Amino acid sequence: MKQPSVLKKILIRLKPYAPWLVLTMAAAILSVAGQIMVSYFVGKAIDCLVYSVNEAGKRVIDFGPIYRQFLFIGVCIAAAVIGQFALSLANNRVAYHVLASLRRDAFKKISSLPLSYIDTRAYGDVSSVILSDAEQFSDGLLLGFTQLFTGFATIIGVLIVMFVMRWEVALVVLFVTPLSLVAAKFIASRTYKMFRAQAEARAEQTAFADEMIAGLKVVKAYTHEDENEEAFGVLNENLRKKSLSAIFLSSTTNPVTRFVNSVVYALVALVGALLAIATAGTAAPFTAGDLTTFLSYSNQYTKPFNEISEVIAEFQNALACAARLFALIEEPEEPSDEGLPALGDVKGEVRAEHVDFSYSEERPLIRDMNIDVPAGSRIAIVGPTGCGKTTLINLLMRFYDVDGGAIFVDGQDIRTVTRRSLRENYGMVLQETWLKTATVRENLCMGNPSCSEQDMINAAIAAHAHGFILRLPEGYDTVLGEEGTLSEGQKQLLCIARVMLCRPPMLILDEATSNIDTRTELLVQDAFRKLMEGRTSFIVAHRLSTIKNADLILVMRAGNIVEHGTHEQLLSQGGFYRELYEAQFEG
Amino acid sequence: MKRTALSQSAAKERTLKYLWKCLSSYKKEAILSPLFKLFEACMELVVPLVVAHIVDVGIATGDRMYIVHGMLLLVAFGAAGLAFALTAQYFAAKAAVGTSASVRGMLFTKLQSLSYEDIDLVGTSQMITLMTSDVNQVQAGVNHTLRLLLRSPIIVFGAAAMAFTVDVYAGIIFLVLIPLLAAVIVGVMAATAPLYKKVQEKLDGVNLSVRENLQGVRVIRAFCREEGELALFDGRNDDLCAAQKRAGRISAVTNPVTFCLVNLAVILLVFVGGVRVSMGSLAQGDVIALYLYITIILTELIKLANFIYIVAKAVSSARRIGDVLALPAEPDSYLPAEEGHGDRAVEFEDVTFTYRGGGAPALSDIAFSVGRGETVGILGGTGSGKSTLVSLIPRFYRAGSGSVKVGGVDVGAIPKETLRNIVAVVPQKTLIFQGTIRSNLLWGNGTATEEDLLWAVGVAQAEDVVAAKGGLDGEIAQEGKNLSGGQRQRLAIARALVRRPEVLILDDSFSALDYATDARLRAALRSVGCTTFIVSQRTASVRSADKIVVLDEGRIAGIGTHGELLKTCGLYREIDASQGGGEA
Numbered sequence: 001m002k003q004p005s006v007l008k009k010i011l012i013r014l015k016p017y018a019p020w021l022v023l024t025m026a027a028a029i030l031s032v033a034g035q036i037m038v039s040y041f042v043g044k045a046i047d048c049l050v051y052s053v054n055e056a057g058k059r060v061i062d063f064g065p066i067y068r069q070f071l072f073i074g075v076c077i078a079a080a081v082i083g084q085f086a087l088s089l090a091n092n093r094v095a096y097h098v099l100a101s102l103r104r105d106a107f108k109k110i111s112s113l114p115l116s117y118i119d120t121r122a123y124g125d126v127s128s129v130i131l132s133d134a135e136q137f138s139d140g141l142l143l144g145f146t147q148l149f150t151g152f153a154t155i156i157g158v159l160i161v162m163f164v165m166r167w168e169v170a171l172v173v174l175f176v177t178p179l180s181l182v183a184a185k186f187i188a189s190r191t192y193k194m195f196r197a198q199a200e201a202r203a204e205q206t207a208f209a210d211e212m213i214a215g216l217k218v219v220k221a222y223t224h225e226d227e228n229e230e231a232f233g234v235l236n237e238n239l240r241k242k243s244l245s246a247i248f249l250s251s252t253t254n255p256v257t258r259f260v261n262s263v264v265y266a267l268v269a270l271v272g273a274l275l276a277i278a279t280a281g282t283a284a285p286f287t288a289g290d291l292t293t294f295l296s297y298s299n300q301y302t303k304p305f306n307e308i309s310e311v312i313a314e315f316q317n318a319l320a321c322a323a324r325l326f327a328l329i330e331e332p333e334e335p336s337d338e339g340l341p342a343l344g345d346v347k348g349e350v351r352a353e354h355v356d357f358s359y360s361e362e363r364p365l366i367r368d369m370n371i372d373v374p375a376g377s378r379i380a381i382v383g384p385t386g387c388g389k390t391t392l393i394n395l396l397m398r399f400y401d402v403d404g405g406a407i408f409v410d411g412q413d414i415r416t417v418t419r420r421s422l423r424e425n426y427g428m429v430l431q432e433t434w435l436k437t438a439t440v441r442e443n444l445c446m447g448n449p450s451c452s453e454q455d456m457i458n459a460a461i462a463a464h465a466h467g468f469i470l471r472l473p474e475g476y477d478t479v480l481g482e483e484g485t486l487s488e489g490q491k492q493l494l495c496i497a498r499v500m501l502c503r504p505p506m507l508i509l510d511e512a513t514s515n516i517d518t519r520t521e522l523l524v525q526d527a528f529r530k531l532m533e534g535r536t537s538f539i540v541a542h543r544l545s546t547i548k549n550a551d552l553i554l555v556m557r558a559g560n561i562v563e564h565g566t567h568e569q570l571l572s573q574g575g576f577y578r579e580l581y582e583a584q585f586e587g
Numbered sequence: 001m002k003r004t005a006l007s008q009s010a011a012k013e014r015t016l017k018y019l020w021k022c023l024s025s026y027k028k029e030a031i032l033s034p035l036f037k038l039f040e041a042c043m044e045l046v047v048p049l050v051v052a053h054i055v056d057v058g059i060a061t062g063d064r065m066y067i068v069h070g071m072l073l074l075v076a077f078g079a080a081g082l083a084f085a086l087t088a089q090y091f092a093a094k095a096a097v098g099t100s101a102s103v104r105g106m107l108f109t110k111l112q113s114l115s116y117e118d119i120d121l122v123g124t125s126q127m128i129t130l131m132t133s134d135v136n137q138v139q140a141g142v143n144h145t146l147r148l149l150l151r152s153p154i155i156v157f158g159a160a161a162m163a164f165t166v167d168v169y170a171g172i173i174f175l176v177l178i179p180l181l182a183a184v185i186v187g188v189m190a191a192t193a194p195l196y197k198k199v200q201e202k203l204d205g206v207n208l209s210v211r212e213n214l215q216g217v218r219v220i221r222a223f224c225r226e227e228g229e230l231a232l233f234d235g236r237n238d239d240l241c242a243a244q245k246r247a248g249r250i251s252a253v254t255n256p257v258t259f260c261l262v263n264l265a266v267i268l269l270v271f272v273g274g275v276r277v278s279m280g281s282l283a284q285g286d287v288i289a290l291y292l293y294i295t296i297i298l299t300e301l302i303k304l305a306n307f308i309y310i311v312a313k314a315v316s317s318a319r320r321i322g323d324v325l326a327l328p329a330e331p332d333s334y335l336p337a338e339e340g341h342g343d344r345a346v347e348f349e350d351v352t353f354t355y356r357g358g359g360a361p362a363l364s365d366i367a368f369s370v371g372r373g374e375t376v377g378i379l380g381g382t383g384s385g386k387s388t389l390v391s392l393i394p395r396f397y398r399a400g401s402g403s404v405k406v407g408g409v410d411v412g413a414i415p416k417e418t419l420r421n422i423v424a425v426v427p428q429k430t431l432i433f434q435g436t437i438r439s440n441l442l443w444g445n446g447t448a449t450e451e452d453l454l455w456a457v458g459v460a461q462a463e464d465v466v467a468a469k470g471g472l473d474g475e476i477a478q479e480g481k482n483l484s485g486g487q488r489q490r491l492a493i494a495r496a497l498v499r500r501p502e503v504l505i506l507d508d509s510f511s512a513l514d515y516a517t518d519a520r521l522r523a524a525l526r527s528v529g530c531t532t533f534i535v536s537q538r539t540a541s542v543r544s545a546d547k548i549v550v551l552d553e554g555r556i557a558g559i560g561t562h563g564e565l566l567k568t569c570g571l572y573r574e575i576d577a578s579q580g581g582g583e584a
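Protein sequences appear in the order of chains A and B. Here the numbering used here is used: the first residue of the first sequence is 1, the next is one more, and so on. Here the numbering used here is used: the first residue of the second sequence is 1, the next is one more, and so on.
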């Protein structure tokens with residue numbers, strides 16, 4: 001986490017907003033100048049509150065000069081108000097636009113990250129970078145930048161005015177105030193460790209709660225509530241202790257700096273009052289009004305010092321968030337396929353030559369795999385759990401790239417064409433059904449947004465989904481919820497209809513029918529049979545009955561294809577396939 | 001929709017009571033903290049008076065000692081203020097942190113005690129938000145309330161009161177100014193509240209996009225929908241940005257307007273001060289003191305606005321938590337205890353069940369009984385009610401009418417812990433938790449021995465899983481991510497077996513297993529001898545059962561052995577044929 005480089009990246013991001021940033025600074029200066037001068041003119045007005053006695057023996061005050069000061073004060077108020085308002089607007093604009101663009105870049109990244117990145121991380125981790133880190137970064141930027149800059153401007157401005165007015169008193173303010181910084185820094189350096197301890201305790205507790213809440217039904221089924229409560233109690237008490245130290249210590253900063261301020265205030269009163277007595281009657285007296293101005297300046301001057309620790313903490317947090325955000329945005333992408341030709345006019349001949357692949361280096365999975373699939377044939381992949389069937393699909397679709405060897409479609413190495421064109425030629429129904437939170441129609445037309453209404457309905461009918469879709473509250477326009485009202489089986493039927501609409505030259509069906517009851521499945525099989533006609537199809541299924549008609553069966557075991565052939569051939573071979581097949585009827 | 005159902009089910013006026021209960025363990029802190037803040041405020045309020053005396057007495061008479069004394073007094077007040085403030089901060093932090101810890105503990109306990117119906121109602125993602133960000137908001141709210149609740153009004157009204165003691169006419173200016181400032185702050189908040197709600201809604205849309213694109217990454221890539229999804233996200237993202245800017249624009253009004261009002265009041269004050277000085281009823285130093293009081297009010301109001309914002313957020317979080325805490329815990333039992341009789345392990349007597357909010361019953365007129373040690377197959381299509389039926393046995397859901405009995409006793413009369421010790425379920429969605437294989441298996445029975453565990457692993461055909469992870473102490477990642485679906489299923493079965501249950505329910509627990517493993521597992525289970533329910537869509541998995549219950553749309557379509565059903569049940573024949581059974 002090199003902060004300078006993060007800072008530089010932030011600056012690059014801010015570059016397009018340079019005019020707005022300039023406006024922000026101009027507005028800040030205007031607002032600060034207005035505020036400083038209001039105090040100055042109030043002091044001058046107070047100096048005019050000295051009465052004289054007229055001929056009639058009555059006390060009078062000459063309101064003429066007072067009105068003049070009022071005019072000046074009015075102008076300064078207007079300047080400060082305009083400045084403040086412009087500052088907020090310009091700053092909001094920059095912060096929210098930068099936030100939106102960061103969020104967009106991070107989101108866009110999802111689609112170009114290698115799947116291994118996503119598969120190996122919890123969704124929550126990635127989404128919290130895109131959502132909450134981005135938000136906190138922009139908050140830090142918003143708060144940090146405005147406060148830092150206005151604070152700076154205030155310090156400079158007040159110093160100048162004070163030194164012009166009376167350098168003796170200004171020196172007191174200049175030298176004593178930084179004490180509050182020292183105090184704040186002293187506290188902050190101690191707080192940091194405690195905040196880290198708090199964050200760790202919180203992370204530990206959240207991880208536990210997340211997992212147990214996600215598995216609440218299992219927890220109850222195994223009456224594990226008491227054990228959980230005990231474990232949670234320990235984590236909770238630990239967090240309470242850590243939080244107490246962190247929160248109390250950090251909340252001492254304000255009172256301590258406030259005390260330093262009151263010392264400054266008292267010293268200004270002392271020096272100012274003594275000076276007023278000493279200079280009374282001279283050509284340049286230090287008046288009561290001047291003292292008032294200085295007292296209010298000492299408040300204005302110390303305020304940025306008080307806030308600085310808070311601002312810096314916020315800023316550091318923002319930088320940490322930015323670092324995580326940039327790390328995601330700069331994560332190496334899948335090798336670019338820009339400039340590669342599209343895979344055009346596919347017949348569907350698929351070949352794998354000497355393919356090696358593993359998810360992690362320690363555990364090789366697929367070794368020297370060779371497959372030769374003529375166009376239009378139906379390939380069944382069978383084998384025990386964990387033998388690499390799903391992996392094969394990952395490789396065919398190029399969700400993962402092979403470590404060694406190559407896969408060819410129509411004789412072309414799939415790494416030499418665009419991923420998009422490769423995937424467009426595959427239709428896929430996965431083990432886990434995934435539907436968008438959108439209407440049934442949008443979900444069905446996902447792969448083919450331009451299809452006609454009739455095409456869509458035909459596909460739904462073929463997948464036996466039309467009936468239950470019509471029974472949904474708004475038919476094809478029903479919005480599917482996240483957890484939804486559909487059963488797993490119904491979702492799977494929708495996924496099948498979705499593929500039917502694409503009519504790609506190659507199909508991948510991974511456990512496509514595992515959640516549908518067998519009667520419906522029979523009908524779906526029929527629809528699939530029609531769909532598969534003339535298309536190269538890879539089917540992963542545990543049900544041997546569904547693959548008996550395959551042109552080629554690949555029997556996988558521990559990452560390798562151990563047997564291949566038709567159902568009859570394999571049965572007569574009397575090998576592993578036969579063992580698998582017979583197991584079905586053993587019971 | 002979930003949210004409204006939830007808030008309606010909870011009584012409104014009760015929802016914040018729990019907070020008092022949690023806070024009441026910190027009564028001392030909760031009283032002392034504001035009290036010390038009040039002392040601190042008094043220290044601050046004296047300062048302008050001291051300054052006025054320095055000007056009117058010290059400077060006017062040239063008394064240097066008087067000035068030095070005034071200065072020392074100011075420092076002394078500052079030091080006293082510091083001491084009071086530190087004490088107050090400590091008590092506030094202690095009360096806030098302690099309260100939030102109790103709220104968190106209470107919430108966790110409550111979530112664990114909810115019935116399955118209420119778990120469905122609240123939903124996992126909301127539970128996690130409640131436990132984390134909502135509780136944190138409450139903590140910040142309590143902390144700030146204790147610190148500022150008394151301080152801010154005391155400072156604001158104290159400053160006004162002090163102004164009255166200085167001069168009545170000047171005091172009237174304060175009386176007008178304070179409501180005006182309050183109106184601005186309240187007005188801006190009222191105007192921005194709906195806008196911030198909009199922002200939240202737009203944010204939900206962006207969240208949805210991100211979550212969907214992570215979870216559906218394979219499908220989106222397979223259908224080459226990356227650009228479409230990005231366009232959709234862009235729309236939502238831009239909406240969010242626009243909503244944020246709109247809300248920000250209105251909030252931006254607060255500071256300039258309060259600044260303007262306060263300084264106009266200063267002009268008025270100087271004018272009135274001038275008139276009063278000329279009448280001889282005010283000294284110059286008094287006007288300075290009044291000016292300083294106005295400045296104090298301005299500073300305090302800025303703090304107050306921020307405070308109200310934090311408290312408003314905390315209150316809405318606290319209400320959300322309260323809604324959940326108001327849900328009833330699942331009762332230990334529904335019916336008075338009764339003695340068990342009969343040799344039937346499980347009986348269903350005319351059971352009908354409807355899910356909350358569901359229109360049609362999920363189960364109707366279910367009646368059958370199972371003898372001890374028997375194996376029962378529950379067969380049926382998607383949505384036919386198989387899982388619902390078995391979840392009534394451990395009383396995850398309560399039968400609407402009719403009765404479910406275990407060992408001759410209505411499950412409503414068996415304390416839930418006892419019941420769930422007798423009945424072990426392997427759910428359809430297998431969940432394995434972070435830890436080791438051993439720690440997961442011990443869920444079944446905390447006192448199980450090494451042999452017990454190895455025996456369960458053996459029956460569940462999970463020896464290879466244990467071997468692959470390097471023994472029983474092999475690490476399991478969160479949610480069992482480092483296991484395949486089939487490995488998880490077998491460990492989940494082993495976990496149930498460790499319990500040595502009288503009734504074992506396997507809810508479609510073989511779906512990720514290949515046929516060979518499936519068959520070996522079933523054979524091994526038969527040797528265990530407990531009453532076993534096997535829920536499945538495949539006839540092969542239930543073929544050898546002593547009894548098969550065929551379900552169709554929540555009703556029993558047939559009961560019998562494989563052979564009997566082939567003769568008597570058309571639906572069973574059809575299902576069996578569709579799975580290639582006829583050819584075997």
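Derived from the structure by calculation, the hints contain no laboratory data. Keep in mind it's a predicted model, so treat the numbers as computed, not measured. We put the CB at the ideal spot given by N, CA and C, even for glycine. Treat the hints with care, as some may be off.
Which residues of chain B face chain A? A partial, calculated answer using Cβ under 8 Å [claimed, not checked]: (1) PRO34; (2) HIS69; (3) GLN89; (4) LEU121; (5) VAL168; (6) GLY171; (7) PRO179; (8) GLN215; (9) ALA516.
Tested hints:
no. : hint   : in the structure
1   : PRO34  : violated (15 Å)
2   : HIS69  : violated (10 Å)
3   : GLN89  : holds (4 Å)
4   : LEU121 : violated (12 Å)
5   : VAL168 : violated (18 Å)
6   : GLY171 : violated (18 Å)
7   : PRO179 : violated (20 Å)
8   : GLN215 : holds (6 Å)
9   : ALA516 : holds (4 Å)
Violated hints for the displayed structure, listed by number in ascending order: 1, 2, 4, 5, 6 and 7.
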